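Colleague: Build out the structure end to end from the sequences listed, making use of the hints.
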Amino acid sequence: MNNNDIPAFPLSVEKDHFISLGMTLKDYYAGQALNGFLAKGASINNAVHWSWLAAEKMMSKRDERKQI
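Heads up: the sequence shown begins at -5 in the numbering used here, then just goes up one per residue.
Watch out, some of these pointers could steer you wrong.
Unchecked claim - Calculated lysine-lysine pairs in the DSSO-like style (CA-CA distance at most 27 Å, straight line):
(1) Lys55 / Lys20
(2) Lys51 / Lys34
(3) Lys34 / Lys55
(4) Lys34 / Lys20
(5) Lys51 / Lys20
I should point out that these hints are in silico values taken from the structure, not numbers from a laboratory. Quick caveat, the model's predicted, so the values are computed rather than measured.
Modeller: In structure tokens form, the structure reads like this:
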């Protein structure tokens, strides 16, 4: 399972088998970052751009943590 397929809200987990409710963990991270950037007054274009970059970084750090 790659980073883009990890569900944010899995219904059931059995090792690497998920029943997803539609949103990936990366989508969730980007949405949370988007709220923060918009709350700080960023333009929508900048907020979207930086939100996806932040989500990518969070997924990367998540993978690093798993390898420890």
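Colleague: Each of the hints needs a verdict: does it hold here or not?
Modeller: Against the structure, the hints:
{"no.": "1", "hint": "Lys55 / Lys20", "in the structure": "12 Å, holds"}
{"no.": "2", "hint": "Lys51 / Lys34", "in the structure": "20 Å, holds"}
{"no.": "3", "hint": "Lys34 / Lys55", "in the structure": "24 Å, holds"}
{"no.": "4", "hint": "Lys34 / Lys20", "in the structure": "21 Å, holds"}
{"no.": "5", "hint": "Lys51 / Lys20", "in the structure": "10 Å, holds"}
Going down the numbered hints, you'll see the structure goes against none, and every one checks out.
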